[in-house]
Amino acid sequence: MRNDLRLARLLVAGSDRREWWRITLTAIGALLATGFALAAVVLGALRGHHPLGIAHGLFDNPGERQGVVISLLLLLVPVFGFLGQCARIGAVHRDRRLAGLRLAGATPAQVRRIAAVEAGLTCLAGSAVATVFSVLLLVLNWSVPSGYAWAGIAVVALGVPVAGMLVSVLALRRVVASPLGWVRRVRPQTRPGPLFLVALVLFTGVAAVAYVSMADHRGRGAVLSGPLLVFAVLLVTGAAALWLVGATARLTGRLLAARTGRPAVLIAAERLRDDPWAAARTHAAVLLVTAVATAFAGIRQVLLEVLDSQKHLGASRAFYTTGIDLTAVAIGVALVITLSGLAVGTAESLATRRRGLAAQVAAGVPRAVLGRALLLETALPLAPAVLLAGLGGMAVGTGYAALTDDGGSRSVPWAALLVPLAVYAACLLAAATSLPLLRRSVRPGELRYA
Amino acid sequence: MTADNSTAPLLAARGLVKAHGRTEALRGVSVELAAGEILAVTGPSGSGKSTLLHCLAGIVRPDRGAITYGGERIDQLPEARLSELRRTEFGVVFQFGQLIPELTALDNVALPLLLAGRGRTEARASAGEWLERFGVRGQQELRPGELSGGQAQRVALARALVTGPEVVFADEPTGALDSLAGEQVMTALAHAARESGTSVLLITHDARIAAYADREVILRDGAEVAEGADAVEVSR
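Going line by line, the protein sequences match chains A and B.
Residues 1 to 450, numbered by the numbering used here, are exactly what the first sequence covers, in order.
Residues 1 to 236, numbered by the numbering used here, are exactly what the second sequence covers, in order.
Just so you know, these hints were derived from the structure itself, not from any lab.
Treat the hints with care, as some may be off.
Not the full set, but computed from the structure, chain B residues with beta-carbon under 7 Å of chain A [what the hints assert, rightly or not]:
1. Ser83
2. Arg86
3. Val92
4. Gln98
Sample of chain B residues lacking proximity to chain A, with all beta carbon distances greater than 10 Å (derived) [to be verified]:
5. Ala160
6. Asp214
7. Asp221
Where a beta carbon is used, it is the ideal one built from N, C-alpha and C, also for glycine.
Sequences and hints are given; from them, build the entire structure.
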């Protein structure tokens, strides 16, 4: 193990610029994950009424705090998606390095261990920064933190690097490094794996339970079963949209590749047809955020209408609007993280193919064609999936409006439909941030080396 | 067939100088390529062969010197015009990597025609004919990863020739192949070039591959050390 650590340290120290990008972004991802998780455990460690004096008293009572904790934990979903993308930057270089290790006599298990230790060290750096900052903040604002808080901090600070190591091992499960010095990536399945199907069945089960629960308690129990139903519907929508990305990517690719006469569309369509699930993995977090953001936009409109119609509120109006605004901020942060992951994924895709792209440009293929193909690879599979996720979110918003409608005056939150459009446009912009990299990626120098 | 050298060269370079950082890859190289000629540029690794090809094909600009194609200076053309030139007048074949891995062999060959604005049906028909000529029609629906090295290089040759270029630049086209596959590829290239009157600039360090050429130029340390019959003598 000591040798593995030493080798991992040497490999990190000797990394080139692209590797440092991966290391820095991975550390930032670990920092965000640790930050959100620490905030969640510290808030979760508070017991009973605890006046914090922030956000109009929104964090003072256990009920609201629980909602904030759940929101913080949900933010970990896009953060982990971002971390997954970061792990893929420079994968080609890393894979070659792994082959070099095998050639030097390392066993497959050693290679995986070294890669995992390397990822763990990177995550530890991000986690340490977030932990030190959080502890300082905690000590300054909370004179005697509880034992639960300290225990939670320790678990998170160590848990994030361990999670990073596990993710690294998971990412390497399809990489076979040969002692002869070559590396090959075992092609992923062309359809959803058993784990995905089991998860989908589970989600559907949760939805069914929620529905039955609501039916049993129609009336007084609807308030309790409502959030569960919302959660289940969101999960089913997200899972279905994820599956749809792959299915429509393959169908779109097949249909367009057979008919198009445009080179950019042909290149994008064939890439989708060749590996439709690569796009599904990248876009999963986008679809979940789209569904949540669309649903929230609808719910927000309804909540504000309810607030406006109430003559007597249990607390100040600012208390409620602050909660709504904080939720909006959380969703906005999730969207930014997700879009960052998408941009990183697109850049990684360019970096991986740079030698082939350089050869295309050398053979006279205009950079504009390659740039359009790059954008279409994002635009084509996302269009139907974002639409479905948006409709799912819209259904939740509309359903919530119907649930809270006591006099038939509640309007349908049509404005929420703008959310998927905005997310789609933002995704294209995020993908377009890689276009400047195209010029640098297709340098003739790439033609000189294998 | 030997090219007629009495006419003006189709492609000519005078005093080319090109440095990669502090390393001078080319130090005043001059070379000419006649219409229909197959010219081999040979030399050891690091002698500047590939850099010379990149300069002549307009992939990189020389630091000094001049390149003319059909009497026109091309080393100062804007990138868009150079790109068009490479797409229409030139064909390029590398050791590997020039085929798009996600496209079928047929679509890879049809791509330059689609880029030139030809219709899909017409482009695929022409591509099919070229694949037929190179004996890989049966593999037209396969992707590059599913082809053998020799088949992939023949598809690459078809792609380089499908637009009817005046010059084909081939950078170690058989470098990744065994000798039998290499010979098959070179035979196909030389035959197609002579049949269509296309000039070929062939980069190689293999004397057997250079033997397919009408003429040979040897580079060493970025400078031309021998040409023609002298080159054969130096090779020995």
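Using 7 Å as the Cβ threshold, decide whether valine 92 of chain B counts as touching chain A. Hint on valine 92 of chain B: holds, closest Cβ of chain A at ~5 Å, below 7 Å.
Any Cβ of chain A at or closer than 10 Å to aspartate 214 of chain B, or is the non-interface label fine? Nearest chain A Cβ is 24 Å from aspartate 214 of chain B, so the label holds.
Any Cβ of chain A at or closer than 10 Å to aspartate 221 of chain B, or is the non-interface label fine? Aspartate 221 of chain B is indeed farther than 10 Å from all Cβ atoms of chain A, at 17 Å.
Next item in the hint list is glutamine 98 of chain B. Is there a CB on chain A closer than 7 Å to its CB? Since the shortest Cβ distance to chain A is 4 Å, the answer is holds.
Less than 7 Å between beta-carbons is the criterion; does serine 83 of chain B satisfy it with respect to chain A? Since chain A brings a Cβ to about 5 Å from serine 83 of chain B, closer than 7 Å, the hint holds.
Using 7 Å as the Cβ threshold, decide whether arginine 86 of chain B counts as touching chain A. holds (4 Å)
Far enough from chain A: is every CB of that chain over 10 Å from the CB of alanine 160 of chain B? Not fine: 8 Å to the nearest Cβ puts alanine 160 of chain B too close to chain A.
The structure is inconsistent with hint 5 alone, although it conforms to all the rest.
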